[in-house]
Amino acid sequence: MSRQIDVSDLDIYYGSFLAVEKVTMEIRPRSITALIGPSGCGKSTFLRSLNRMHEVIPGARVEGKVVLDGQDLYGSGVDPVAVRRSVGMVFQNPNPFPTMSIYDNVLAGMRLNNKRMKKSEADDVVEQALRGANLWKEVNDRLGRPGAGLSGGQQQRLCIARAIAVQPQVLLMDEPCSALDPISTLAIEDLMGKLKEEYTIVIVTHNMQQASRVSDRTGFFNIEGTGKPGKLVEMDATDTIFSNPSVKATEDYVSGRFG
Amino acid sequence: MAQSTQQGSPAGEPPEPGTSPEKPDFGTLTKFQPASLADSMHDSLPRWAPLAATGLGALVAAALLAVTDLHVALAVIAGTVVAIAAFTIASRAVEGERAATDRFVTSLVTVAFVLAMLPLVSVVWTTVSRGLARFDYAFFTQSQAGIIGEGGGAYHAIMGTLIVTGIATIISVPIGTMTAIYLVEYGGDNKLSRVVTFLVDVMTGIPSIVAGLFSLALFTLLFGPGLRIGIMGSIALSVLMIPIVVRAVEEMLRIVPARLRESSYALGVPKWRTIVKVVLPTAASGIASGVVIAVARVMGETAPLLVTVGLATSTNLNPFEGRMATLPVFAYYQIAFPGIPPQAFIDRAWTSALLLILFVMTLNVGARVLAKALAPKTR
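Which chain is which? The protein sequence lines are D and L, in order. For the first sequence, numbering that gives the first Met the number 0 gives the first residue as 0, with consecutive numbering after it. For the second sequence, numbering that gives the first Met the number 0 gives the first residue as 0, with consecutive numbering after it.
Heads up, some of the hints might be wrong.
What the hints assert, rightly or not - Lysine-lysine pairs mimicking DSBU-like chemistry, simulated, CA-CA at most 30 Å apart:
| hint | chain 1 | residue 1 | chain 2 | residue 2 |
| --- | --- | --- | --- | --- |
| 1 | D | K230 | D | K64 |
| 2 | L | K276 | D | K136 |
| 3 | D | K118 | L | K376 |
To be clear, the hints were calculated from the coordinates, so they are not data collected in a lab.
Looking at chain D on its own, in the form it has when it is part of the complex (with noise of 0.2 Å):
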């Protein structure tokens, strides 16, 4: 399931603005990728680019390349639809589809494709993302239920949930814990763990202590100033990143310095 994904001097634009500038970074199979830097350093920009999300805001483009698994995802006739089938994302604030209940809040993925499928089929596709997602004992009782029923917590998780039933590639995760509480987050981090021995996962955090709980490898992003790009400054294992850095910006930002 799990693939490589190499992005080489991306840049990337908001209309004429550079947002960010020149990333080349690896990012490694089953492994949890932490993305951490101050606001508006581009993180988030450089995550959505990583699935085509970022061309869904008018006049937004990128030059380079994302490589995944030897297909340029930005190469001349490749579907951004597909690539988000298999480079699937989760958001900041959870966001169930508020219409559909929970079951079909998970199958969301499939149902709106219209892919046909059995409801044996359907009911095992269920089954598995929401216990992957660490929601099954929550719910397996009310799955009939309104997915904005349930709280935020087990609302993200759903959105987890509905993010692995199509059985991405890789797991695109934007600042997933920022808007839940710590029991919750640990939650989300446990499920992380579990994941990504499945997954390749990315997550963008403004929590250090979550990048070092959960992450392998670290990249940090910085800005020299407001209307200046975003640059990815340094990126290393997260053991490294977090203890002996070669960048001076990077101590002084884990170390709590500045940002």
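Put chain L on the given structure of chain D with help from the hints.
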């Protein structure tokens, strides 16, 4: 403790010894302390005070009517002014300046509300009281075919109104909804969508007779002069209805959170499917009530139907051939050109009006029920 005794004490009474408002102990905090908390406490007027003021106003008005030969409206206005003045002065004496201002403005707002309600209540009352005379079985089952004086009903007009507005709805809802989808989901801020938005705004304001004349001109151009058929009325009504539908649907689509669209895209769902399966269902309740209210708006239009559909005395259910009766036009002719005895015609007009009000009311209630049934649930 001291606080509670002060709460009960009337305004202006000095606070009890030992609870002096100067509190030097608070140090720097003193300036943030509402030092005059004790001073600012007042009694409040009893809860029946507004009622009493209203009663006073009514008494003044009644007295004026009894003593002078003032017009009723003037007497009521005088009574209202006296009531508000007395109420405000009493409030200022007991409750203080700020509360008195609040009371005064509340009174003004209440008067404005009553003024706004008056015509509505008056219309409903007049229509119900005069319309009940012919609100009978025959009115719903018989047409005016062969009727010269009394009797007959408006079955033909009821069916005509349902058919003409029904077809107008079938034409307007898809066009209006799709225009709104274009504006919100595809157009963005491009030139075409700005032009469309401008035209929709203009169309919202066009007089209804213009819509009728447009339809008349269109059909005259296509089929020659003198044609009066139901579909012409439907076209005229759609011209009025489309902008209302566009506005309502556009507003509903705009409040669907962008993150729902994004999470659908992130699941690999193409844009058009996201619109059909995520955006429209989420907005469905608002769209449904918007459409129903648009139907209610055009149902009572008279002028465009007068010039396009005309009037018939017998039932015609075919919108593509022959004149048709509709409730508003029927009511107009009954009251404008009464026969003999005139009362029978006037009664029929009022009952038609009552029926139109009932239709519109039912549609509005239906819109609420529909909105509630379609709204996303959390339980």
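Right, here's what the structure says about each hint:
The straight-line distance between the Cα atoms of D:K230 and D:K64 is roughly 16 Å, inside the 30 Å bound, and the hint therefore holds. A C-alpha spacing of about 29 Å is found between L:K276 and D:K136, which places the hinted pair at or below 30 Å, so the restraint holds. For a cut-off of 30 Å, the pair hint linking D:K118 to L:K376 stands: about 24 Å separates their Cα positions.
Going through the hint list in order, the structure satisfies each hint without exception.
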